[in-house]
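Residue numbers (my numbering), protein chains in the order written: chain Z, 308 to 646; chain C, 383 to 770.
Hints should not be assumed to be uniformly reliable.
Straight-line Cα separation of at most 25 Å, SDA-like style, residue types lysine to any residue; simulated pairs [claimed, not checked]: (1) LYS468(Z) - LYS767(C); (2) LYS491(Z) - VAL651(C); (3) LYS761(C) - LYS491(Z); (4) LYS468(Z) - ALA410(C); (5) LYS761(C) - SER418(Z); (6) LYS398(C) - LEU446(C); (7) LYS369(Z) - GLU654(C).
Covered, in the sense of this in silico footprint (three residues per stretch, anywhere, with C-beta under 8 Å from a C-beta of chain C), are these stretches of chain Z [to be verified]: (8) 367-375; (9) 408-417; (10) 423-435.
Derived by calculation from the structure, the hints in this document are not laboratory data.
Cβ atoms here follow ideal geometry from the backbone N, Cα and C, with glycine treated the same way.
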Amino acid sequence: MPVNEGCDPIIEVRDLYINFYTYAGVVKAIDGVSFTVCRGETYCLVGETGCGKTVTSKALTKLIQAPGRIEKGKIIYYPEPGNPVDIISVSEDEIRKIRGKEIAYIFQDPSAALDPLYTIGHHIAETMTAHRLVKSMKEGFREAIKYLKRALMPEPEEKVKSYPHELSGGMKQRGVIATSLSTKPKVIVADEPTTAVDVTIQAQIMKLLRDLKSEEGLTLILITHNMGLVAEMCDRVAIMYAGRIIEEGLVFDIFKNPRHPYTRALLNAVINPLFKVSKLESIPGTVPDLIRPPRGCRFHPRCPFFSEVCYNRPPNFIIGRNHKVACWLYRDNALGVED
Amino acid sequence: MSSEEREVYEKKILDKIVDIILDNLASAIDRVRPGWKTRNEARIEEFKLTLYALNRSPPGLLGLSLVVFFILIALIGPYIAPFSYDMPLVLCDQRAYLAPPGSTITIRDGSLCSDVYGIKPGNYTLILGADDFGRDLFSRILYGARTSLVVAVMVMVLGPLIGITLGLISGYRGGVIDEVIMRLTDVFIAFPGLILAIAFSAVLPDRVSGLLTSFPPLASISLALFSLKPEHVGSLANLLSVVIALWIVWWPGYARVVRGMVLSTRENVYVEAARAIGVPTYAILFRHILPNILGPILVFLTLDFGGVILVEAGLSFLGLGAVPPIADWGRIVYDGAEYFPRAWWLVFFPGLATLLAVLGFNLIGDSLRDILDPKTRRKIEFKVKGRR
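Next up, chain C with everything else stripped away, as it sits in the complex:
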């Protein structure tokens, strides 16, 4: 009895917040579509328990907050940045040259900056300092988050899709098709991904810029996505080349892992049963096999998100991808290294930003397995409901 009493679990504050948010959300949907709440009661309950599980995992929470913060910065960063990413403040104030964090600069009325670039005259504090052109590091890091996120999202949308599809076909079909796809995968895996990506992103820009000039909407959409000024359209080719290069090298891991999981999943009787009732192959693959292996794939995807950010930063550090004055964390580090350790902030802060973003995705990925495990939900359910 006493031990049971100790086991009884009280809801955390976070759990209560989850309850309030979800209950209100459900009632709101219920008003628009009557009966929705009762129909989906079990689903809401499970979702709550999933979030409770997240609340019970400190690394997961930390990871989630880092990732949410990163995405938020990437989305609104360009709008809240005090200066544009390419604003050379040295033109207006000599003190901006390699200004250390916290230094103050003055924009005078009638100067180039206020008349041509439309910056309000007055004193500005550069909280993270500035580089050799006097570009505000804080603003550049905010813009850099956008670059990282857009590249990572673009890569993660198509790369794994190619890999997962090939893996599904390979594992399900078997035979010659499997052999061909897997040997191709072997070739890509045997060759270091980063080096392959370097090769591709060095070769591709010419082709991509040709494509961009012949197809202007693509250029304007990409400009908006990366939040770049129209005059930097030339640099898009480099950024998109990195995306394409990463698509090319990013699928083999997925193809291999998915194939392995398909090999075991396709032996399940429900797959055979689906065949026996005449379900077409594509439906078996995407409705019966893929959802059943989605858990591990989801974990892999999350972990990989950080990987893409890291590789992208690595490529621009090597001088591929973003070219100045485009803001990119890897590139800022590369350009700042010249002044290291005198201007340590040029290396430290973008490095720190990269570290935190990647760490966030890795922490989520690590705790996602526990959170998605139905057994964790059941355990928490017993604890939470014991008190009700």
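This is chain Z alone, in the form it adopts within the complex:
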């Protein structure tokens, strides 16, 4: 049974390994991650802090900096169907044309992502001049108003001249979104875009992203640890644990029918606001040390279903249409194994 049926891939990650060389030792932050993002979908990377979501997203345009290094693997970007670009092997000059222009980022904390010395308009104009979309900064400022309007910034003509410290968190995030939109990218990577803003703004920002996505035909890669957001926004979800994707599937399947013990535990830990609970659910044990990760399945020390076989690394068992899980529990009733 084929995985990713009817998918026109825009980004394909194959067997990615990323290490960080620290004084304490080599951190194996990403350990054989593979996934495919389809054109026009919203793909979510979910997992707890330190599981490698952000590192994976940064690797998409080779933003990994020393002491980190992409050890091996392939990242293939398809600007058009059937026209692959190997991200890992292109030169620094080439990748710069992709950064921002083709794949744009929205960072977690908008107040940190804006240079305090420049106005919002300057950020947008700079992005456009860096990719030669406008001839001058002046023209860039005029264009900036358009994109601020697009990002639903109130009073865009005024705000284009505002410095980051003069804006609220929500407005800053709109400014950042306008910056990413200004190059008309094909992919937007949103790294926890709502963590730094309050819930009402969160809802507005997410609605904005969804509207923009459908209007511009964007592909959205959303990184979050907010399960509510995932359910709300995503088409497909990949659950990450300790540098690996342990389960991937359509959002409906993941929520309705979680298979991996970690996914189950994660969903159990989500609080239902309708019920008062005496004790919050948690996953026993701690996140493994990625310098000396557990042998085989990296979740086995915390897993209630642990058996000897878990000392071997589980392959991706295909257990349904578009549904894969990396757990030995499913070896007998799997439909197949992904290569």
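Keeping the supplied structure of chain Z fixed, place chain C upon it in accordance with the hints.
Chain C alone, transformed into the frame defined by chain Z:
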């Protein structure tokens, strides 16, 4: 209520002068480029508050007036000096030999000075005295200010530029490049700067004079800058050697300090965001990192300006750099030391000039941090606007 009333601040006279000057200036620009004033209203306001902050810092004001005075003297000094820097007045009046401050000399009609050097006959008061050739000390100090300023400006233009650029590259790139640049810096820092400068300014003059003869425009530009007579073109090589020697020893401090600041600044998310939108490395360095660390660099630069003046005077005191009859504060002290304490003025006045110039830059540098701090501006804004 009462305590608040006491807090209310009245504008100082200096603040009002600032207001008048800036308002008129802004209106003048506004007439040439309509709409400029409204567009830059906030900027003008901030600039005013910066100047108010300066008005509230007595050391800063003192430093500023000393520095402005020094620069003014350096610019117009050669034109207002009563005599040329190399005019040996003893040729005309024996009394000019080591004349004490305030003594009078007479230039007679038909003497060498009036016929050959074109000095108007009459009585002259040498307000700061004269040296063993009867050269007017006051004139020489005025010319010396020009020498100091030009050397200091030349050194401060290129030296820190080299250091800042290397520091930026070193801090941002890291790895082997960082290691190489920083170890080179270590070598320069470990070796006493003054001694290195002495070595270089002793070796360089031959090369530099070769360069000057093969490239005459450079010589004539330098002559004009130092305000020297054409016949002293030979001494230029010595002065420029000092400048080059100071370029060589002046960058390591900047490279080290800037690297440190870059290391912390480059971790900011806005730097990563700039990378993520495809901004090229040089633009990240000069548009996002450099402006964000400019405050401390500016303070360092100002303090260092005085340092260069001092080292330059030190080098010429040691007999390097300016050679007589070029006027240079360090050199005047060195030549005058021979007659100390009999002719104390030859040591005292150029020393005092150096002291005041260096003190001025140091005082500004010290108060610049407070003045540039946005928090100071906000505090003053509350006080000044409370009354409006």
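**OP:** Verify the proposed pairing of LYS369(Z) with GLU654(C), using a straight-line Cα cut of 25 Å.
**Re:** Given pair LYS369(Z), GLU654(C) holds - Cα atoms ~12 Å apart, limit 25 Å.
Original post:
Does the structure keep LYS468(Z) and LYS767(C) at a Cα separation of 25 Å or less?
Top reply: Between LYS468(Z) and LYS767(C) the Cα gap is close to 24 Å, so the pair holds against 25 Å.
**OP:** Verify the proposed pairing of LYS761(C) with LYS491(Z), using a straight-line Cα cut of 25 Å.
**Re:** violated (43 Å)
**OP:** Count residues of the stretch 423-435 of chain Z with a Cβ under 8 Å from any Cβ of chain C, then say if the count reaches three.
**Re:** Answer holds; 4 residues pass the 8 Å Cβ test.
Original post:
Quick one, are LYS468(Z) and ALA410(C) close enough, alpha carbons at most 25 Å?
Top reply: holds (24 Å)
Original post:
the stretch 367-375 of chain Z covered by chain C? Criterion: 3 or more residues, Cβ-Cβ distance below 8 Å.
Top reply: holds (count 3)
**OP:** Starting from LYS491(Z), check that the Cα of VAL651(C) is at most 25 Å away, please.
**Re:** holds (22 Å)
Subject >> Three-residue Cβ test at 8 Å for the coverage of the stretch 408-417 of chain Z by chain C >> reply: With 6 residues in contact (Cβ-Cβ under 8 Å with chain C), the coverage given for the stretch 408-417 of chain Z holds.
Original post:
Is it true that the CA of LYS761(C) sits at most 25 Å from the CA of SER418(Z)?
Top reply: holds (24 Å)
**OP:** Could you grab the alpha-carbon distance between LYS398(C) and LEU446(C) and see if it respects the 25 Å cut-off?
**Re:** With a Cα-Cα distance of about 18 Å, the restraint between LYS398(C) and LEU446(C) holds, given a limit of 25 Å.
Of the numbered hints stated above, the single one contradicted by the structure is hint 3.
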